[in-house]
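Protein sequence lines, in the order shown, are assigned to chains S and U.
To convert, take the position in the first sequence, counting from 1, and add 831; that gives this note's numbering.
To convert, take the position in the second sequence, counting from 1, and add 831; that gives this note's numbering.
Rather than coming from a laboratory, the hints here were simulated on the basis of the structure.
Accuracy of the hints is not assured; some may be wrong.
Where chains are identical, the list cannot tell them apart; a pair therefore holds if satisfied intra-copy or between any two copies.
As the list claims (entries may be wrong) - Straight line, CA to CA, 30 Å or less: simulated BS3-like cross-link-like pairs of lysine-lysine:
1. K1135 with K852
2. K1135 with K1028
3. K1028 with K852
4. K884 with K1107
5. K884 with K1028
6. K1107 with K945
7. K1028 with K1107
2 protein chains.
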Amino acid sequence: MHAVDVSITEVGLRDGLQNTKSFMPTAAKNAWISAEAAAGVRQIEVCSFVPAKLIPQFADAEEVLAHANAIPGLTAVVLVPNLRGCERALESGARRVMVPISVSEAHSLSNVRKTTAEAVEDFRRMADLVRSQGQAGRAQLVGACSTAFGCSMQGVVAEDDVVRVAVALRQAGADAISLADTVGYANPEQVKRLFHKVRAAIGEDFHIEAHFHNTRGLGLANALAAFEAGVRSFDSTLGGLGGCPFAPGASGNVVTEDLVFMFESMGVRTGIDIDKLIAVRNTVFTALPDAELYGHISKAGLPKGFQPRSRAA
Amino acid sequence: MHAVDVSITEVGLRDGLQNTKSFMPTAAKNAWISAEAAAGVRQIEVCSFVPAKLIPQFADAEEVLAHANAIPGLTAVVLVPNLRGCERALESGARRVMVPISVSEAHSLSNVRKTTAEAVEDFRRMADLVRSQGQAGRAQLVGACSTAFGCSMQGVVAEDDVVRVAVALRQAGADAISLADTVGYANPEQVKRLFHKVRAAIGEDFHIEAHFHNTRGLGLANALAAFEAGVRSFDSTLGGLGGCPFAPGASGNVVTEDLVFMFESMGVRTGIDIDKLIAVRNTVFTALPDAELYGHISKAGLPKGFQPRSRAA
């Protein structure tokens, strides 16, 4: 394993697949995970522990997690929406559990039928459950502040609300905090300001992550702004998989291969081999012919004389 | 006229149209210029004074320039490749003349069959010609360092070469310097570093502009980096018109409406009404049905509760 300057988490198997129409076969999911791990990706969000009747795409969550957990050097992340999901995830051997908490009350009520405060209380129960595993080797719990940069229902989300929820999640037992631009409303100025505020409140040394969408084209600019604000962990999806169902034709998450290109071209090591990563697009496209893949570097090719900082071993 | 924080120059009629297959009728060009001016765009690069047999698209350069010059509050910019083009432009009433000088020798020889040093000498003759008009109300001359961030023929372009050419252009009589990422190779770290170096060499108060392509997806991130390095003037094209013929499927220039959205969402005034600007896409698309238009904000729509800083009067 080589040293890296930023950690990129592939979330296409969760945030991307939850919106696709067709079920991606388990073997294809596992091939995708293996191929990205072989390209040097060290953290992959592989599934969501939601009832299969709600999102059939994740009916094979246990199998996919078991496959990912068996890959040396890879950390598998799973999303859980509630305590029951967290129990299932831990029983299935999850090592890193991501819990979205909507800062927007409107979004929280619509999404999980709980107020934000009730969702934070739920998070505390998950933290207690995780700690009941004992400290040695227990799962890590990530509190993700959804709609942190705005909400398509509520509109503006107050920055003080984000800070308050982030502090509450840390106090409730989070091992890391993530700020998520769930609907692609963020701008670089806001990103810098909000990450500075939240880091000042939860502690500069506390682990913090950024999750951006590219719905309005600012995904990479926002990632750059977050990097400048000290963030070193970023979510993204291969081919930008994950278009928002409420914005037809609009692209989805930040594109992993473009994000890797941006950082590597800046001399910031991702540990990811960009040529191998781009080749994984074919794997995904073959398994999901209906899905629209985005991205620039895969079409334009690397610059002549380009020297990436990272080459996977 | 309201105050602005950044100046955005629409270059779609020149950098965009020079690569399109079909001729855009003069009336459509003029309608495009009028509509963008009405949306609050104050500077538009309207044509290139090259021989019509080389680029038939610009056979109507005089007519288009005359139309643009008649619009109150609008500064029309024209590109000229050489002294003869500069003479024609001045005779046609050009008020702002942009001259690209390739820092890459390979690109310069291929493009204008001159070494970079010979092109700088040509530029000096243009500066003398402009000054022979007298100081009062004479045309402004912009020296644009092409391939400043890399070249698809030469690969890496040394930063010292860019600084040297920028200084030579200023000494030769440029009123402004532009750094252009002609082939979409730039990254944000390089953008900051190079603009700082060039500004230190030509003077922090000397007018400097940025011209980015979005070929590899970093256009807006590079614009953000340039803004952070003190740049306040940016080129872009409506719908990102201007795909590179050497990178099929890859997008072209930075998208004007996305650039305006980025700045306005950051609270940086462009003076441009983004709704009116987006509506101009239809004008262009109707006149150029073959052209591929890019962009995010036109598809995704403005965020709920979005408050742009600028509303055109």
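Hints, verified against the model:
1. For the homomeric pair K1135 and K852, the shortest alpha-carbon distance between copies (27 Å) is at most 30 Å, but the shortest distance inside one copy (38 Å) is not.
2. In this homomeric assembly, K1135 and K1028 come within 30 Å of each other (Cα to Cα) only across copies, at 23 Å, whereas the closest approach inside a single copy is 40 Å.
3. Proximity of K1028 to K852 under the C-alpha cut-off of 30 Å is found in neither arrangement, the shortest distances being 39 Å within a copy and 51 Å between copies.
4. Taking the shortest alpha-carbon separations for K884 and K1107, neither the intra-copy value of 35 Å nor the inter-copy value of 45 Å comes in at or below 30 Å.
5. When the C-alpha separation of K884 and K1028 is checked against a cutoff of 30 Å, the pair qualifies neither within a copy, at 39 Å, nor between copies, at 59 Å.
6. When the C-alpha separation of K1107 and K945 is checked against a cutoff of 30 Å, the pair qualifies neither within a copy, at 42 Å, nor between copies, at 40 Å.
7. In this assembly of identical chains, the alpha carbons of K1028 and K1107 never lie at most 30 Å apart, being 37 Å within a copy and 35 Å across copies at closest.
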